[in-house]
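S.K.: Assemble the dimeric complex from its two separately framed chains, guided by the hints.
Going line by line, the protein sequences match chains F and E. With my numbering, letter number 257 in the first sequence gets 1575, and the count goes up by one each step, no holes. With my numbering, letter number 89 in the second sequence gets 597, and the count goes up by one each step, no holes.
The hints are simulated quantities; they were obtained by calculation from the structure and are not laboratory data. Be careful, since some hints might not be right.
To be verified - Here are the simulated DMTMM-like pairs of lysine to aspartate or glutamate, each with C-alpha atoms no more than 20 Å apart in a straight line: (1) E:K668 x E:D641; (2) F:K1350 x E:E532; (3) F:K1538 x F:E1563; (4) F:K1587 x F:E1563; (5) E:K668 x E:E642; (6) E:K685 x E:D641; (7) F:K1587 x F:E1608; (8) E:K685 x F:E1324; (9) F:K1350 x E:E622; (10) F:K1350 x E:D555; (11) F:K1350 x E:E538; (12) F:K1350 x E:D542; (13) E:K685 x E:E642.
To be verified - If you want the footprint, here are the derived chain F segments under chain E, 3+ residues with CB under 8 Å: (14) 1324-1330; (15) 1337-1351.
To be verified - Label-pair restraints from in silico Cβ distances: (16) F:Q1352 x E:S657: 49 to 59 Å; (17) F:A1357 x E:H621: 36 to 46 Å; (18) E:D574 x F:E1345: 22 to 32 Å; (19) F:A1357 x E:Q539: 22 to 32 Å.
Keep in mind that this is a model prediction, so the values were computed, not measured. From the three backbone atoms N, C-alpha and C, an ideal C-beta is built for every residue, glycine too.
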Amino acid sequence: MSRASEPGARLISRYRAATSMRADQRERALRKLQARLAADPTPRVHPDVALPELPPPPPAAWLQLRARWRRVATISKVIFGAGLLTWLGTDANEPPARVASRVVESPQQPMAATAEVSPRPPTQSATSRQESRVPAIIPERARKSSAAKSRVAQVETAVRAPAVPESTGEQPASELPPAGRPAARAPLDGRVPERGAQQLLAASLEQETALMEQAQAALKRGDAERALHLLAEHTWQFPTGHLAEARDVARILALCQAGHGAQARTRAKSFLAARPHSPFAARVRTSCPEGK
Amino acid sequence: MASVGCRSTATPRDTPAAAASVQEITRLFEQHADFVQRALSRFGVPDADVEDALQEVFVVVAHRLDSYVERGAMRAWLYVIARGVALHALRANHRRARNARELSILPEPQDPHESFQRRQAIALVDAFLAQLDERIAQVFYLAEIEQLSVPEIAAAIGVKLNTVYSRLRLARGHFEKWLARLGESES
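Just chain E, same shape as in the assembly (with noise of 0.2 Å):
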């Protein structure tokens, strides 16, 4: 099927008349790009496809980014980009068996010491994460892990934001608990 543009009728498909300059991206991508890989692992895009999509989304970015108009949420748009591309990623591999093991993006450190407190690190934050209900860990990622603000994540969720404070407080609750109670069984 032939493409359309709403204005740009004459112009085809293959050249996009809003691509960024590459330093702009290039820009973006140093200070995203640990962004939006955590993010798409989070949508659920396997390990071993996040390079890929993390590419993907840039290639997005670089293709829409003139459109873009400035409003102080650059993440909040990175990140639905981001769910796109990860929901794009997830129809195609839905049925496709994972590996169990499939190699990573992530580094692993050399220092056995610090790969287990790292292992460990993400282990835990991951439970937390996976008991909560997901509209909740979804506050609470975006908030203490990425350090967005309420309206950002308010943008990048599309909920109110009274909604995000009121799951924020309540996640924040659950992780102050669940930590209190990690100290106990340990000490």
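So here's chain F without its partners, still in its complex pose (with noise of 0.2 Å):
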């Protein structure tokens, strides 16, 4: 493939020189850096999170942008509660794959007809006291659950086919603006197209989807390890997403399922402080009993 032409390439190499830190504010940056990790070396993008040990999947493993991006930028976190809550009220041998479809195809599972429509709660003794309350939340998710249920199928068509050829038709020659000369009407010290800041958070959520779903994947197969990991690559990456209670019950789970029954049981009694009404509260009750 050719590279940029002569005068593209002295364009660029100019651009490069006009881009980059001077030697001395650079000194700077990194004395302030390592004066930085001397005296505190955490990072501030994701307070809650140690770091695992293991080592971290290939980055095109857990950020995958894909040809859905757009489809799945629309798509809210109560239709992907929806999908968890069912997954987790369903048996564990089922392969993840078909998760988000039983939303749609088997309402009349209990923790499904929490997620979409019912008001009433599973019939557990410990969650009545609470779920009498609940009622002024649940219908409210509910509701949106339901114009969005329509929506699931199309995101589970979304996942199961994610090889949408991303090539055909990018760029239309049309978006190009006509001849003339764009330096004239670029302002100088707006270096940042607001548009790509806006596409790169709608991105966002769908990677964070992405990285929910194999998080998913990863308990459902027994990897509990592997799900913490990813669990707590979600944290760092998104530590106010919109999955971020999504999350949080999917840790306890992992936590339990990886044989550390008292912390999971200390997040969920946290979990349950915070957000009582949460949807995902009744599951977080029974989400890892003494003993385990």
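M.R.: Dropping the structure here:
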């Protein structure tokens, strides 16, 4: 494949020079970094995660920017919550790929019913006290879930068929401006196109969802260590993400499965204290019985 | 909420077992600071916040270097971390009004002619990138400006090799056409 032509290469190298730090600035930034590392080596980006010792997966595996990101960007966390709840209620031997479709296919499943439309919690004696206060919250979530239900199937289709060719029609030539002198119109100080930032935020939701799906799949096949790793990755990447609540629930389950019962129960307790009305509350209460 | 590690459950959060040596981080910083700093800018971090974000990226790197398995894709890895940090910064700053002129991390040359040329180069290339679909612009930027290999790009943005190739081909075609038009309009 041909590289840029000579004037293009010259322009690019000038751009590189213009957007590089001066040696003294780099030096100053480095000194600040070293001081920071000496004083407080904990990153601020992910306050709620201790890093796992497992080797990370290749970046490409846990950060798939797939063709479906535009579609997924429109899916709310409620749908995901419904999917997770359904999955949490299903038996452990079912392949993870079936999970989302069960929301549609099997509304009679107790957990699915909770997630979707029923204001009634599953009949568990331990939950009834708390759940009596729930209806005010649940129906609202349930309405959203119902409205979004048909889209769950759409997501599922996207999940099963990720091989949408991305390269077709990506850049119609008409998107280019007519001949002219764009530089004359370009602001000198606004270096970042706003559109790029918005696309980035939308794409991040897709990444977040993909990562959660992987964590679910790991938990599903009994690989709790891997699930914990992925959830830690998720916390690191999306500390205040849309799926933070679902992540907390999944982590409780994974901890329990990995044999850290005490930690799981501690987390479950603080989860319930913070979010007693969560649609996940019932599941969290039964997540890790004593003795596990 | 208490922190939880996968295996090192007894390790307190503030004593990272995997903190890399300062020398190692220094070496990486010297090699890649410009790359990371440009990536942060491209991700939309305001100029005034780039220096802090840059530092944060390398703090994360220090924290996680031991878990990085060498795959010949250090810049791809850095790019992913920069994206995470930039998203964090963007969320924090999303509604904050930006000052028109903020202090920039970038140098301001003394020579007015050189200063003009640099500003022009930035304006031109940014204008070109801004008119492209962001996915194509990203590939062009990584390949032509940062000179990443196609496999590195594929790893950094999580798409298939062929997708990178086709985007790059498109972008280069646009770039040459755009340059030609620029030349015509200047002559």
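S.K.: All hints are to be evaluated individually against the structure, with a verdict given for each.
M.R.: Each hint, compared with the structure:
1. Distance restraint check for E:K668 and E:D641: the Cα-Cα separation of roughly 18 Å lies within the 20 Å cut-off, and the hinted pair is therefore satisfied.
2. Note on F:K1350 and E:E532: the hinted pairing holds, with a Cα-Cα distance of about 16 Å set against a maximum of 20 Å.
3. Only pairs whose Cα atoms come within 20 Å are accepted, and F:K1538 paired with F:E1563 is accepted, the gap being roughly 18 Å.
4. A distance of roughly 14 Å separates the Cα atoms of F:K1587 and F:E1563; the hinted pair therefore holds under the 20 Å criterion.
5. A distance of roughly 17 Å separates the Cα atoms of E:K668 and E:E642; the hinted pair therefore holds under the 20 Å criterion.
6. Between E:K685 and E:D641, the direct Cα distance comes to roughly 16 Å. Compliance with the 20 Å bound is thereby established for this hinted pair.
7. The hinted pair formed by F:K1587 and F:E1608 meets the criterion: a straight-line CA distance of about 13 Å does not exceed 20 Å.
8. For the hint linking E:K685 to F:E1324, the alpha-carbon distance of about 13 Å falls within 20 Å, and the restraint holds.
9. With a CA separation close to 29 Å, the supplied pair F:K1350 and E:E622 exceeds the 20 Å bound.
10. Restraint check for F:K1350 and E:D555: the C-alpha separation of about 18 Å stays at or below 20 Å, so the hint holds.
11. Pair hint F:K1350 plus E:E538 holds up; C-alpha atoms about 13 Å apart against a cutoff of 20 Å.
12. Simply put, F:K1350 and E:D542 have alpha-carbon atoms about 16 Å apart, close enough for the 20 Å limit, and the pair holds.
13. With a CA separation close to 18 Å, the supplied pair E:K685 and E:E642 stays within the 20 Å bound.
14. For the stretch 1324-1330 of chain F, the stated coverage by chain E holds: 4 residues have a C-beta nearer than 8 Å to a C-beta of that chain, and at least 3 were required.
15. Beta-carbon proximity to chain E at under 8 Å applies to 10 residues in the stretch 1337-1351 of chain F; the threshold of 3 is reached and the given coverage holds.
16. Checked against the hint of 49 to 59 Å, the C-beta distance between F:Q1352 and E:S657 comes to roughly 31 Å, which is inconsistent with it.
17. F:A1357 and E:H621 have their C-beta atoms about 43 Å apart, which keeps the hinted 36 to 46 Å range intact.
18. Between E:D574 and F:E1345, the C-beta spacing of about 26 Å keeps the proposed range 22 to 32 Å intact.
19. At roughly 24 Å, the beta-carbon separation of F:A1357 and E:Q539 lies within the given 22 to 32 Å, and the hint holds.
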